[in-house]
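These protein sequence lines map, in sequence, to chains C, B, S and U.
Counting in numbering that gives the first Met the number 0, the first sequence runs from 0 upward without gaps.
Counting in numbering that gives the first Met the number 0, the second sequence runs from 0 upward without gaps.
Counting in numbering that gives the first Met the number 0, the third sequence runs from 0 upward without gaps.
Counting in numbering that gives the first Met the number 0, the fourth sequence runs from 0 upward without gaps.
What the hints contain is simulated information worked out from the structure, not anything from laboratory work.
Just so we're clear, the structure is a prediction, and the values are computed from it rather than from any experiment.
Check before you lean on any hint, since a few could be wrong.
As the list claims (entries may be wrong) - So the derived list for chain B, only partly shown, Cβ under 8 Å to chain S, looks like this:
(1) Pro9
(2) Leu116
(3) Asp331
Where is the CB? At the ideal position from N, CA and C, for every residue including glycine.
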Amino acid sequence: MEGIFLVLISSALVNNIVVSHVIGTDPALVATQRRDVAYGISTIMLILLPLTTVIASATTQFILIPLQLQYLQTLVFVILIIMIVYGLRLWPRPFGKSGSEMFLPLAGVNVTVLGTLLLNQQQDNNLFYSFIFGLGTAIGFALMLALLTAINTRVEMADVPAPLKGPSITLITLGLISMAFLGFSGLIK
Amino acid sequence: MSYIDKISSPYIHSLTSINEVMRQVIFALVPGIIVTTWFLGWGVLVHCVLAVCFALAFEAIMLTLRKRPLQDFMYDGSAIITGLLFALTITPFAPWWVSLSGICFAIVVAKHLYGGLGYNIFNPAMAGYAFVLICFPVELNYWPIINGDNGIIESLKIIFIGLPHEGLDSLSGATPLAFTKSQLNGMVMLSEFSSGPLFGSLGGKGWEWIGLAFLAGGVWLMIKGIIKWQIPLIFIFILFALSLIFHGHDPERYASSMFNLFTGGTLLAAFFIATDPVTASATPRGKIIYAAGIGLLTYIIRTWGGYPDGIAFAVLIMNAAVPFIDNVTRPDVFGKVKS
Amino acid sequence: MSSEVHTRFNRELHSFPGGLELKTHKELTNSKESLRTPLPDKIILPLQQHIGSPSEPIVKKGDIVLKGQKIAQASGYISVPVHASTSGKILDIGTCQSIHIKSEQVPCIIIEPDGEDAWFELEPVTDYLSIDPEILQRLIYEAGIVGMGGAGFPAHVKLNEGTATAIDTLIINGVECEPYISCDDRIIREKADYIVSGTRMLQHAIQAEHCVIAVEEDMPEAFEALNALIDDDIELVTVPARYPAGGEKQLIKVLTGKEVPAGGLPIHIGIVMHNVGTAAAAFRAVTRGEPLLSRYVTVSGNVEDPRNLQVLLGTPVEHCLEQVGYHRRDDEAVIMGGPMMGKYIHDISMPVVKTTNSILVTSGFNRSREKPCIGCGDCVDVCPAKLLPQELFAYARAKDYEEVRALHLFDCIECGCCAYVCPSNIPLVKYYREAKTDIAIYEKKQAGYEHARHRFEARSERLDRIENRVDDRFDKIKTLSTDQDPVEEDKQSYIRAAVERMKQKKNKKKD
Amino acid sequence: MFGVLIIFLLALISGFLISRSAQMTLQQDKFEAILSALPQTQCGKCNYSGCRPYAEAIVRGEADINQCPPGGEATIKTIAKLLGRQIKPLNPENGLEKDKHIALIDETLCIGCVKCIKACPVDAILGAAKQMHSVLAEECTGCELCVAPCPMDCISMQAVTG
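If we strip away everything but chain C, and leave its shape as in the complex, we get (with noise of 0.2 Å):
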């Protein structure tokens, strides 16, 4: 119970994808202008993530190490996740009516998936905790998109430096955020 907490809490604020691995950062900045597109990808990896992780976490677990296959990993995990988001889109409306399967490609071609994936591999986690971590990296994603999508909306009408504004202000956001995101450093050994 107490690994479930700490697997999530180091996932989601600890190690966050987008500020502290820096991994997340590119669908940050393209997401973060509109509100609508923030909340579509957010959505949709909480249910992409979790879903991937474990689906790679087996498929590394059951086919490639008996297989002796472990230097595929990169190859396999990127069509992995191009099945995974296409299958989804097969799916008849996967998400009700919010439309966000629409988002779907975005989310999927993006490095923040396969680096989860990745980071997953490296910390050797088992099938359950590989779904815990991919769900703490999402949650962390999307609150993470929430809190930019925010203060973008704000910066926008702020007196900003010509040449800083749009993705530029919010590069520096995010590293600021990166800063504070420091002091949760030690917090999980």
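Use these hints to put chains B, S and U onto chain C, whose structure you have.
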């Protein structure tokens, strides 16, 4: 008559202004500065002067670069407050360039890149402090011992030339918070060292008086109506309640509530940093969440995190969350139709 | 002043969100007897002194009119007639400066008084409590009565809607929350009998079950004057002096605890509210047959003898100011209405209208420059509509009207509390007004786009149809002559057909 | 060997899945909203034949959002918000934003050639051959399309207030 054409109702005004508010805040900081100087030596005052000068200089440079009217913004006092708060959070033994780089980061990056006063997302003083804390952890680690004999000349020497290598131990020591942390990490029981020379009756020796001075300034601000009660009181309450619970659970591993309140920058942060109107939440419910968040994060980082005092990080993290909090805590409009 | 609760019915009072405690300055005027203003040289009667569509003049230039004669008729449901406030000659039917927008001119009728003040024939009705409510409404409508509190909503509309739905409570609003203004206080003290009888009449007109007269805590004399006249049929309540307690929605909240739905009207929760001045005017209109011709106006601020005046509608502001000793100074502004919500007058020759409750000479606006918003949230605390003024301001300045609307800009009552407390001196209300105007313009434009699109699509469709029909004809011709070269034949037959048509036309012409 | 086989198999499946899922672009559903943000003057200043083709081009990503002078700043802002793009100033190559103008026919010069009637996209010009034409001020969108075809140069654009 042309200026009259621009006027619109209302035609009367409460006669408060930013300048007035900022001036009151500076006045309220004075007792804290005096007491801190008393206990930690002249370095505090030197740093205050240094930081304020740097802050004003950077403010002027940035305003000129951004082609904004100097006279409007230079005298609003916000840069002075940033400088003072920064100086009060760093150690008085810090070299002068720590002040310079910290204030530079605070004013240039955290404040003016976002558009200056009113638009900054992050508290400039805390952003500057976090910046130097990450960049120069060693320099910020030496704190003077309470009531150590630091003359003004010595303080200037330390700040501009550097700490002397010999006799370092007679001058500096750990803060009560850092000491507690290192001892607890070393699995030493709290009761074994809490009667040591660093500790007073409420919190750290000397620190409790500093805390009380800031408390007095803060209460005065609250009475004057400059700051509202929500943020400081809820912040203090959460910190108090959390430490009470954990202290009650295991008094050997967790420091007492009073210790948490009266050491470190708790009371300074509660009344002067967390209440910064620009970076705090503006909605009634948002203010509560914001203050509670700072209290919670401060306690978590202090107790389990890697840094001895987590207030700066807690404030910055909650600053980042403020726009989001404001969005989700918008009050219902008057006469909202309940569906 | 009076801490004891005067309520005879022990009505439980509620409080509304936000609001301010302001220095009232009512002592300047509220103890002085009101004076009748002498006839001015010129009476200017704008055709729109109310909310709704402007009235239409029914007199010509040069006509002689009598006092009380109808000179303009209502042009729609939400509209009222205008009457001559004195006898004289119609000098012109022209335009005068609008109070609302500096550049805007509004149509008006200008009368040159003949000094006789001769009355038009009046038709008093005495049995006002027994006649049909609809007749009462008709009489009030004919008298041109609008809400005298400041908004100027036609009174008969509120009454009409009142008969359509069951009305629980009629509230007569004597709460003057704005500083300086004391005209309601004075009218209650001087015409308490009119108000009490008028209240009973209005209650009859809308068949309300309960009836409440509300006055402010700091007007004990007015309270006593009313208290001496009412019986148990009318509740008399004092409410705490807190700006904007006199606002319609705020007063309803205070008295009943109910909140008027956002974007809705009091009628939706079974409440109708009228100003004390409206009640008095309605009573006069019915029992004496006099239409709305004059009103109480507080003239206060930096003048020698601030006091209340009984002013004929259409009297220039200048003339009123002369009565109380006004010396023009450049650093002073003349404001129509109170200091919180009033409107700055560019030209003091503009007239007093049905909604003018006060004329204020003020120099109290030596504001420092506007500073950026520091997000202190003081405005949030004082907003009586529970809006977020600082966010509204940010989005209004960024002209993000979608967001401004989502933040309920249109529930803003422009009370000015936010701008009053703002430490950055931001004229928030100005930004909101501008945003409201811009949104109106934008919507008009958008409606134009929609309209143009419909027309364009209709035209495209028509052109398509015509083209298709031409094609059909070609097809028919093609099938008729298959043995010849189709293209050549087409041309030939087409030409032949055209020549034939021309001939026929010529023949016809000859005939 | 196994590895190659597995990768091949997986790639095959994913290829199949990609081909099955319908192509969906992010901006498809924004078409209607963009179209209604355009002023419907059909003036063609955006280098497209009308508002609908321009809206289609924006959705396809071919045209930029700042090519509509009659809509001006407001239209650019609306579209930028719809598409999550940065607001940019109007492209001066397409024209400048100005207050609303409507066409006015100098009736002393009009020869009744009906050329302007054919040009008007919203049927705002009335008249018949050899008879004087006049503009319905209410319906005119100020697109200026009638100005060029007039052989007598008798159509001028007049500013309207309000």
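Holds or violated: B:Leu116 as interface residue toward chain S, Cβ cutoff 8 Å?
Given a least distance of 6 Å, the restraint on B:Leu116 holds.
For the restraint on B:Pro9, tell me whether the closest CB of chain S is nearer than 8 Å.
3 Å, holds
Interface hint compliance - B:Asp331 to chain S, C-beta minimum distance less than 8 Å
6 Å, holds
The structure shown violates none of the earlier numbered hints.
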